[in-house]
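Start from chain A and add chain B with the ligand according to the hints.
Chains A and B, in that order, give the protein sequences. Just so it is clear: in the first sequence, position 12 is 12 by the numbering used here, and no numbers are missing. So the numbering used here is basically just the index in the second sequence, starting at one, shifted up by 244.
No wet-lab data here; the hints were simulated from the structure. Quick caveat: nothing in here was measured; it's all calculated off a predicted structure. Careful: at least some of the hints might be erroneous.
As the list claims (entries may be wrong) - In the EDC-like style, the derived pairs of lysine to aspartate or glutamate whose C-alpha atoms are separated by at most 16 Å in a straight line are:
#	chain 1	residue 1	chain 2	residue 2
1	A	197	A	168
2	B	710	A	35
3	B	710	A	38
4	B	717	A	28
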Amino acid sequence: MEMVQLFITCMGENLLPDVLKKMVLLLERLGVRCELPEAQTCCGQPFYNSGFQAEGRQMALRWMKAFADTGGYIVAPSGSCVEFVKHRYPAMFPEGSAEQERAVRLAGRVLEFSQFLVNVLKVTDIGASFPHRVACHYPCHLTRGLGVRSEPLALLRAVRGLELIPFDESETCCGFGGIFSVVYPEVSKAMMETKVKNILASGAEAVVVSEPGCLVNIRGGLVKAHSRVRAMHLIEILAEGGST
Amino acid sequence: MTEKTARIDFRENSRNASPAVVAATQNSTRTALRKRAAVVAEFGEERWQELRKAGHEIRMHALTHLDRYLAMVEEKVTAAGGYVHWAKDAEEAREIVLGLATERSVRSIVKVKSMVSEEIDLNPALEARGIRAYETDLGEFIVQLAGQRPSHITSPALHMTKEEVAALFCEKLGIDACPIPEELTEHARLRLRPEFLNADMGISGGNFLIAETGTLLIVTNEGNGRLSTSLPPVHVAVVGIEKVIPDWESAAVLLKLLARSVSGSKITAYSTFITGVREGGPKEFHLVLLDNGRSRILADKVAREALLCIRCGACMNTCPVYNQVGGYAYGAVYQGPIGSMLTPLLLGTGLAGGLPFASTLCGACAELCPVMIPIPEILLHLRKRFVEGDTFESPSVPGILKAMAKLGRIVLGSPTLYHLGGRLGKIFQAPLRRGDWLPSLPPPLNRWTMARPFPAFQGGFRGWFKNRKAAVKQAEGKLHE
Ligand code: SF4
Chain A
1 MEMVQLFITC MGENLLPDVL KKMVLLLERL GVRCELPEAQ TCCGQPFYNS
51 GFQAEGRQMA LRWMKAFADT GGYIVAPSGS CVEFVKHRYP AMFPEGSAEQ
101 ERAVRLAGRV LEFSQFLVNV LKVTDIGASF PHRVACHYPC HLTRGLGVRS
151 EPLALLRAVR GLELIPFDES ETCCGFGGIF SVVYPEVSKA MMETKVKNIL
201 ASGAEAVVVS EPGCLVNIRG GLVKAHSRVR AMHLIEILAE GGST
Chain B
245 MTEKTARIDF RENSRNASPA VVAATQNSTR TALRKRAAVV AEFGEERWQE
295 LRKAGHEIRM HALTHLDRYL AMVEEKVTAA GGYVHWAKDA EEAREIVLGL
345 ATERSVRSIV KVKSMVSEEI DLNPALEARG IRAYETDLGE FIVQLAGQRP
395 SHITSPALHM TKEEVAALFC EKLGIDACPI PEELTEHARL RLRPEFLNAD
445 MGISGGNFLI AETGTLLIVT NEGNGRLSTS LPPVHVAVVG IEKVIPDWES
495 AAVLLKLLAR SVSGSKITAY STFITGVREG GPKEFHLVLL DNGRSRILAD
545 KVAREALLCI RCGACMNTCP VYNQVGGYAY GAVYQGPIGS MLTPLLLGTG
595 LAGGLPFAST LCGACAELCP VMIPIPEILL HLRKRFVEGD TFESPSVPGI
645 LKAMAKLGRI VLGSPTLYHL GGRLGKIFQA PLRRGDWLPS LPPPLNRWTM
695 ARPFPAFQGG FRGWFKNRKA AVKQAEGKLH E
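Extracted from the complex, chain A is given alone in its bound form (with noise of 0.2 Å):
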């Protein structure tokens, strides 16, 4: 039976608990045993990104604590935070130190949700059910940062009903980014803006967003909107109609 640690990224534990237990319920559902390091906070991103990289690196430090002997993948729900891990990690750490070592070892384990279902359990269809028009934002660190860009894609096709539609500047980043969105929180306003506008003439019903904080930020904007869109985590798509 697979293993996996869960990394449930302190957005997700904070604000999306509902995502996280209809990961493991999915996970548990493909035969998956779930673990759950009880020291994981923070990855450290909020930090390093904003210019704190010491701060950055001393999160770092005990995220690959918490998670360095434990077996098996490490998968979130978030590109980005398993960005920062797999890409940034290694490269924080000098060049052959000890340091370096773990994070390079930890990046090789890590893996977002999608990807481990079609990479590593090789399912696309897991019994879901939707039937709803459906528009698909790529949230810029899954898409552009890992390459995720067919798995996702490919656990959608698979759900029944499901109509897949496109959307304006679907590629286009929705405005978050971190601690852009209250440095610049004019410009972050205008880009969530935009890309709601382009959500709702999209026609959709839901919107897949499978990136907490382009989620909090997509769903946040479409009930100022008063819109009725839901945006939804891709494991809450899949959570709906299985057998769960």
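Below, chain B with the ligand alone, put in the same frame as chain A:
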């Protein structure tokens, strides 16, 4: 970019961005991107990626051997009858050009679009000496007429609609102009024709300097480059030292990348090659090689790749931030992602430290950059410089932010405090909570809620997971009994 520049306040500038400028900007960038995508598709994605790699390597090689190639340029240009001047900063460059102009009693100058000329603030310096400088690129001509600055590095007037340009021509040129691009171009041409003939000097920048022959390469779309550098008796080219490339083969690669990235053409309409003094051309050729902080950037291992830039503007066209604010918000000569790198590198993060933060790190720019500059990486590097300082600059981040980051690190770095924080969040949010949302939060968090509500703190996942594990264990235990 002169010494007297004030701190750039991107937030304030972005708030003041004119909706008309933003709308016109979006219109133009969208067209440029569409054309670019079409020619790249035609070229073939795989071949394009190989070309980008080749371009990156050529530029990297040139930068790492800059001293050698610059010496070669000097030797070849001198041998071909030209003069080479070295300017360590903007002021020196201005003085050199002004000196050349006054010695020759120059009254009137025609100019080819040049970012370096903007960087050293050349036009105001010329005007101050009573020398009239005419911008001959259509976009530059328009912004000069309007008394503005370029808002984009390759399309200086992209923030203006054709209607605005027509109105400007009516007002400033006293003619009856219709908002038809071809006609507007014709008006500009007519207006400029006598100036080409009258000019005592032509001033240009340069896209590349080909070291093996000492050849200056200027690309334009309107042919004004050729006129400005051949009709007047003196030609002065002010070029950044990073523009050197080894040979003609390199030029062929870079021109392919440049033309497609700028405007979606296979080749820019006019490529002018100038090697010293040539027969039938200007009697004098002066090449001013400008450092202005470039050798300092070169010393920085991460930031140096910003000098690979071939000024195509693709990163700006695709940048979602640039497209929401327009070029003026960057408060400097270079805008968009390339500006957010170059401006703080040239002016220091003390004045321009806000610009590297004017990015969501979405990576769209790096995906298009024809010479594969790792733009987000350099922005992160500059954010760090602003916050922590490095061997080049001391930090300029406000102390309050530093304290907040320290506190954040302590809380997030300790599971006990982290969980306590989550619980406290749940308690304190109660009065603000409306269903699943917190519609408005106190400062500074209102910076988030001004745009959309914040989701209410939920938590509870760990407890749920523990219970579930225990239940599963129990069930398994029963099964085994
Ligand atoms: S950074 Fe790259 S994309 Fe931007 S202007 Fe320079 S060469 Fe073009």
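Here is how each hint holds up against the structure:
Under the criterion of a C-alpha separation no larger than 16 Å, the hint pairing residue 197 of chain A with residue 168 of chain A is consistent with the structure, at around 9 Å. Between residue 710 of chain B and residue 35 of chain A, the direct Cα distance comes to roughly 10 Å. Compliance with the 16 Å bound is thereby established for this hinted pair. This hinted pair checks out: residue 710 of chain B and residue 38 of chain A have alpha carbons roughly 10 Å apart, not beyond 16 Å. A hinted pair counts as satisfied when its Cα atoms are at most 16 Å apart, and residue 717 of chain B with residue 28 of chain A qualifies at roughly 14 Å.
Going through the hint list in order, the structure satisfies each hint without exception.
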